[in-house]
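Novice: Taken in sequence, the protein lines are chains A and B.
Just so you know, we're using my numbering here: the first sequence kicks off at 1 and counts up by one.
Just so you know, we're using my numbering here: the second sequence kicks off at 1 and counts up by one.
Among the clues, some could well be false.
To be verified - Derived pair list, reagent style PhoX-like, types lysine-lysine, alpha-carbon separation capped at 20 Å:
1) 88/B to 124/B
2) 127/B to 2/A
3) 69/A to 175/A
4) 2/A to 124/B
Hints were generated in silico from the structure; no laboratory data involved.
Quick caveat: nothing in here was measured; it's all calculated off a predicted structure.
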Amino acid sequence: MKFARIIWANLFRKKVRLLLTIGSFAVALFLFVFLAVVRDAFNRGTDVAGADRLVVINRTSIINPIPLKYRDQILRIPGVKVITHNNWFGGTYIEEKNFFPQFVIDPENQRQVFPELIVPDNQWNAFVKDRVGAIAGAKLAERFHWKVGDRIPIKTSLYGGGAWEFNLDGIYHGKRPQDDETQFWFQWDYFEERVPQSFKGQIGWYVLRVDNPDDAPRIAKSIDDLFMNSPNETKTETESAFAAGWVKQFGNIQTLIISIGTVVFFTLLLVTGNTMAISVRERTAELAVFKAIGFSDRMILFFVLAEALTIALIGGGIGILLALAAIPGLATALNGLLPSIVLAPPMLFFGIAVAIVTGILSGILPGFGAMRLRVVNALRRV
Amino acid sequence: MVNVEGNGGPAGLIHVRDLDKTYRRGGEEIHVLQGLNLDVSPGEFVAFMGPSGSGKTTLLNLLGGLDVPTRGSITVAGDEITHMSSGKLTEWRARHVGFIFQMYNLIPVLTAFQNVELPLLLTKLSKSERRAHVETALSIVGLTDRMDHFPRQLSGGQEQRVTIARAIVSDPTFLLCDEPTGDLDRKSADEVMALLQELVAHHHKTVLMVTHDPLVAARAHITLHLEKGVLVEGSKLPHGVTAGGVA
């Protein structure tokens, strides 16, 4: 394009300012993408939720258990296809800092309820036969360099405390990038055998699949009605509603992240807008010359917008490269503290879109100012 | 032929009739130009002189379509420009006017070649055609060997010659020069004036120039003085500024 040289030459007019602006843009966009990724991680539960899955918890709180005997009653409700149950174990591996979610599972139905989490058949069969067997998510196994056959000690202060030892019989992978691969599963029978009497026959929550997702509201109501006025009333909701409620346990993280993200965005806008405004002001006489020799107002606007957009795309590109380089490291460092952090392609497109929008917005006001410039007045200022 | 009586024939290049320009400063109206008439034929070299604030630059801006008059009309090569829209005026300027400014007003981040090429970017010429035009313009002003230099690497006289090359590269109908030697030493000023004279004599350009310097004005065919908002031929002025070439 014959005008590219003019735009490029103007960009490099003040090299230090250009570097600082691009640097500010890159850091701010990196922060923006990181915040978006963290927010996405908190929402992951909602994203991975199956449309046909319901979660049943104790109406009082999820930390209150529900009797195992409810299972058969729930299964008899028309429309319920399959049901499994889980308990939260709350242990740590070797040191307190090595925290990750451990779930007690029902091997009989786990794979039917969560078909997206894949365990090779031979590993699953070995796990089912092994009373102290365990399955780990691929990311978890990678984090601690575990391999099938390893002996894994987990300490817990719940259920009478002490160290529990497991044989790692298998490793599961998620079908989709957003699937959580940081969980640790072990068998209900082993759990039931070791816990004190007061915990026996008590599960944390049920997860069930229904034949038709459209029936989910009716089935949820039927379950809760069934146990109404019992010592353990239930609260049944879709998996996505359950996941959203879980996120709220962390406080209003969403609002916090969105607030910080908004501040970052506007700071970005002001920094770039200010740079463009100064740059245009410095070039008043030159812009007047452009107009005098026949460049139209629209062309002048185009030059300013193109410059702003170029800064934004270069800065944004560097910011996204920073995010690509740094987020896997941050994800490892924050392992267990936050849900799995993944820089998925939509986040990259989101970052590029933010860069483009910021570039255009920051160039619009100085661009319109340049457009409206009166040649006679501008030349008089020289 | 240059005429300030308002009775020039239709054959001329520029016809200005009853031109008024009034500025409003605060509550006060300042009448810079009042009923000004001017006819200029192609190939003329006209110098405008007058005290500061007499309206020389205002007249130049109006003739170049950079400003609009309060009243009256300006017709250039058959185009009545006083009622053109801003967009049309911009297109008209690109086709008909070459500007030469006192402060050169080159784009500092572009080389001499790129500065001269600017007006051609608005045309449909190919890259090789643009290059040929630019090289011709730079050879006319004697700066072929400086085409890759940035303005900061050139002397004031050379910068002004690059400005002249930029003004003539698209072969405009006429050139407007606002104090073209105002920022130059005498030697450089002589070179620039010689160049303008050559453009008129050998390339048949029409040049309208504002200047404060009687020696510079003397290089034009005719000097017109702006007095109280109207033009007066130099030869008729009481203080005896010489004007050559009055037809």
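Novice: Find the hints from earlier in the document that the structure breaks and name them by number, from lowest to highest.
Specialist: 3
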